[in-house]
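Visitor: The numbering used here numbers the first residue of the sequence shown as 35 and each following residue consecutively.
Source of the hints: derived by calculation from the structure; they are not laboratory data.
One or more of the hints may lead you astray.
Claimed, not checked - Each pair of labels, with its calculated beta carbon distance range:
no.	residue 1	residue 2	range
1	K100	T55	39 to 47 Å
2	H39	Q106	13 to 21 Å
3	E48	I109	19 to 27 Å
4	F114	C83	35 to 43 Å
Virtual Cβ for every residue (Gly too), placed ideally from N, Cα, C.
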Amino acid sequence: METRHIRLNKATREWVIYAPTRCNRPQDFQQDSQEKRSPIDHFNKCPFCFDNELNLEPIILEMPNKEQNCWQTRIVLNKFPVFYRTHLVYLPITFISKWFQHY
Numbered sequence: 035m036e037t038r039h040i041r042l043n044k045a046t047r048e049w050v051i052y053a054p055t056r057c058n059r060p061q062d063f064q065q066d067s068q069e070k071r072s073p074i075d076h077f078n079k080c081p082f083c084f085d086n087e088l089n090l091e092p093i094i095l096e097m098p099n100k101e102q103n104c105w106q107t108r109i110v111l112n113k114f115p116v117f118y119r120t121h122l123v124y125l126p127i128t129f130i131s132k133w134f135q136h137y
């Protein structure tokens, strides 16, 4: 079992997440005998590719791209979070919108 925790980097005085096996994903544990997916198969299953919104994690915020009639920025829940919460905390949309205006 992985021990993940937050620790203080004494050199920079920044809090960092220590998670030794963070780079592993469910597909890392699949058998080697499985064939590699083709690019078409990838686009059909990729939640960020056009028309695959049903595969996407819940959308927290979406900033539209008015020129192209689609989204410009989308914030979704992390499918592989380092830490888990028992409940979600949502920031007011006005706060997030003001923050995005700077970028």
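Visitor: Each hint: holds or not?
Guide: Hints, one by one, checked against the model:
1. The beta-carbon spacing between K100 and T55, approximately 42 Å, falls within the hinted interval of 39 to 47 Å.
2. About 36 Å separates the C-beta atoms of H39 and Q106, a value inconsistent with the hinted range of 13 to 21 Å.
3. Checked against the hint of 19 to 27 Å, the pair E48 and I109 passes, with Cβ atoms roughly 23 Å apart.
4. The given range of 35 to 43 Å is broken by F114 and C83, whose C-beta atoms sit roughly 19 Å from each other.
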